[in-house]
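Protein chains: 2
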Amino acid sequence: MERLVECVPNFSEGRRKEVIEAIVRAIAEAGKVWVLDVESDEDHNRSVVTFVGEPEPVEEAAFQGIKKAAELIDMDQHRGQHPRIGAADVVPFVPLKGVTMAECVEMARRLGERVGRELGIPVYLYGEAATRPERQDLAYIRRGEYEGLKEKIATDPDRVPDFGPAVLGKAGATVIGARPPLIAFNVYLNTDDVRIAKEIAKAVRHSSGGLRYVKAIGLLVKGKAQVSMNLTNYRQTPIPRVMELIRREAARYGVSITSSEIVGLVPEDALLDAAIYYLQLEGFSKEQILEKKLEKIRRGG
Amino acid sequence: MERLVECVPNFSEGRRKEVIEAIVRAIAEAGKVWVLDVESDEDHNRSVVTFVGEPEPVEEAAFQGIKKAAELIDMDQHRGQHPRIGAADVVPFVPLKGVTMAECVEMARRLGERVGRELGIPVYLYGEAATRPERQDLAYIRRGEYEGLKEKIATDPDRVPDFGPAVLGKAGATVIGARPPLIAFNVYLNTDDVRIAKEIAKAVRHSSGGLRYVKAIGLLVKGKAQVSMNLTNYRQTPIPRVMELIRREAARYGVSITSSEIVGLVPEDALLDAAIYYLQLEGFSKEQILEKKLEKIRRGG
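These protein sequence lines map, in sequence, to chains A and B.
Mapping the first sequence onto my numbering, position 14 (from 1) lands on 14, and the numbers just tick up by one.
Mapping the second sequence onto my numbering, position 277 (from 1) lands on 277, and the numbers just tick up by one.
No lab work stands behind these hints, which were simulated from the structure alone.
A portion of the hints provided could be inaccurate.
What follows is a set of in silico ranges between Cβ atoms, one per label pair, in the way DEER data are often shown [claimed, not checked]:
| hint | chain 1 | residue 1 | chain 2 | residue 2 | range |
| --- | --- | --- | --- | --- | --- |
| 1 | A | 140 | B | 190 | 38 to 48 Å |
| 2 | B | 244 | A | 158 | 18 to 28 Å |
| 3 | B | 103 | A | 244 | 38 to 48 Å |
| 4 | A | 102 | B | 31 | 45 to 55 Å |
| 5 | B | 299 | A | 16 | 26 to 36 Å |
| 6 | A | 32 | B | 110 | 28 to 38 Å |
| 7 | A | 155 | B | 299 | 49 to 59 Å |
| 8 | B | 71 | A | 236 | 25 to 35 Å |
| 9 | A | 29 | B | 283 | 52 to 62 Å |
Where is the CB? At the ideal position from N, CA and C, for every residue including glycine.
With the rest of the complex left out, here is chain A (with noise of 0.2 Å):
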C-alpha cells in the first residue's frame, strides 16, 4: 500500500458493548480499510478505535461511523469519566505513509461540510484543519463539554460551528481534523485524590506552563487517580520525561506511580527511545536490533 491515513475515531460509548461493535462494524464494512484496534473504557464510558487504508475509504468509512454512532448513542444519557461534546467525539486524520498534512486537512474539511450537511451534526473543524487558531485546540472546543455547549451553542459567536447548524441534537457535536500521530498515555497514582492528579496535570501540561508536547486532565478511574495524557509529538516530548517529571510531581505531594497504560498503539520508535533513556545508552544504534538486521536479509539485502 503505497498512500496510508490513519483515522482515530473516539466514540462516547464505553460499556454496551453491542453498541461499540456496530460502529466498529460500520467502519469495517465501509470500503477497504484495515480496523487495527478497539479500546473500551468503562471509566471514562469511551471507545476509541484505530482504522488506516487509502485516503478515500478511509475518510468514507469515518463517515459511517459518525453516523452509525449518532444512531445509537444518546449524549443526554451519557456519564463518563472523559471530557466530551458528542456521540462521534472527535475524529482526527493522521497522515501515516506518502500522505501529506494538508491531504488529511482536506479530508477533514470535506468529511465536516458532509456531516454538517447530511446528518444535521454541528461540526468543529480542529487541530491541523481549525478555521481558527484557538480551535486548534481540542480542549477549547470541548470546555463546558455536550451540556454547556448546548446552552451556548445558538447564542455564542465563539462557538459557532464551522458545518451543520447551531443546534445541539442528541448526538452532540463532532470534532474533526487533522494531527500528527499522537501516544494517549495515562498514569496512574497510588491515591484515590483526583485533586492530586489535577495538580499533576496542570504541572506537565503545556497550556498550563508545562511541557510542550502534553495535554493532560486529571481523572479518577478505577478509584485510583490517574494523569490522562495525550503526547503529541514524541520526538520533542519523549515518554520517558514526562513521566520522570510526573513522578518527582506526585513525590511533591508523598504519593507514587503505580502503573502506567498506552491506549491503542503507539510508533516503535517511542518505546525503543524509552528503552534507551532509561538503560542510559550510549552510542545505541536501531541497526543493532536483530529483528531489522534479519528483516533486511528477508528483504534481499
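Fit chain B to the known structure of chain A by using the hints.
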C-alpha cells in the same frame, strides 16, 4: 530463509583495522552468509563479528574466520582488557530460526574437530556443546588466559583440549560451542577505580551468588570502571533488573552509572521489555505497536 544460525566469533584484535577487515572478508567470502555486525573495542583489543546464514555455510565461514585469525594474530604480542586464550578466542553457534540447539551442538563438534586437525589449534567445547560440566562455563576454560594456559596445557589433565594438540602455538586455543542468544551489555561508572567495577561484577553475576543469567567482570575501559556483562537469558533475567541492581550496588560505593552500551546485536523484545518495565506499563500488548500492525497489513493480514 527457513533455517537460520547465528555465529558470533570473538577475535583478539581490536586495533589493527586491516587485520579485522581481513578476518571479516574471510568469513563473508566463505559462502552464503551475511555479516550483520562488526564491533571492535580498542581497550578490550577485541572484535566481535556477528553473521548469520544456513547451517552449512555458517560452519564453513566460521572455519575460514578462525584460519585467518590464526594467520594474522600473534597471541604472544596481544595485550587487552578482556580475558582471552586465542586469536579466534570463542566461536559460538546460536540457533535463530528453524534450527535446534542439538544441531548447533553438532556444528560446534564438527568444526572443533576440523580446527584441531587442519589448523593444529587446541579446541575446547563449551556451552551446550561442552563435554564436561565445568566446561559449560567460558570463564572456567579461559582461567589464567593465554599465558596461564600455555604453561599448563601439556601437563594439567584438567586442561586437555577436546580436539587438537595439547600444545599452544601463537594462535592460542579456540573455544567453540553452542548457546542461546545473549546480550553483551556493559555499564560504565563515574569512577576510575576498577576495584569497584570488580566488586559490583561479583555481586551481580551468577557464579558468585548474583542473578541467574548474568556473567560479569570488572574492567577499566576508556579510563572508566566498567561492569562488562553477558546476559545469557534476557527473558528470565531482563536488562532493567540487571541495570537497577548495579545502580544499587554502585550507590553502596558512592558511585553512579554514567552510561551503558550494548555490543553487537540485541533482540527487539529485550528493549521493548525494558521500556515496559521502566514505564510501569500495565496491560500492554506488543500488538499495540503501530509497525507490527502495518506489517500485518503488508503481509495481507
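Status of each hint after checking the structure:
1. A:140 x B:190: 38 to 48 Å: holds, 47 Å
2. B:244 x A:158: 18 to 28 Å: Violated - the Cβ-Cβ distance for residue 244 of chain B and residue 158 of chain A, about 51 Å, lies outside 18 to 28 Å.
3. B:103 x A:244: 38 to 48 Å: Holds: the Cβ-Cβ distance is about 46 Å, inside 38 to 48 Å.
4. A:102 x B:31: 45 to 55 Å: holds, 51 Å
5. B:299 x A:16: 26 to 36 Å: holds, 34 Å
6. A:32 x B:110: 28 to 38 Å: violated, 53 Å
7. A:155 x B:299: 49 to 59 Å: Since the Cβ atoms of residue 155 of chain A and residue 299 of chain B sit about 54 Å apart, the hinted range of 49 to 59 Å holds.
8. B:71 x A:236: 25 to 35 Å: With a Cβ separation near 52 Å, residue 71 of chain B and residue 236 of chain A fall outside 25 to 35 Å, so the hint is violated.
9. A:29 x B:283: 52 to 62 Å: About 29 Å separates the Cβ atoms of residue 29 of chain A and residue 283 of chain B, which means 52 to 62 Å is violated.
In summary, the structure is inconsistent with hints 2, 6, 8, 9 from the numbered list given earlier, while agreeing with the others.
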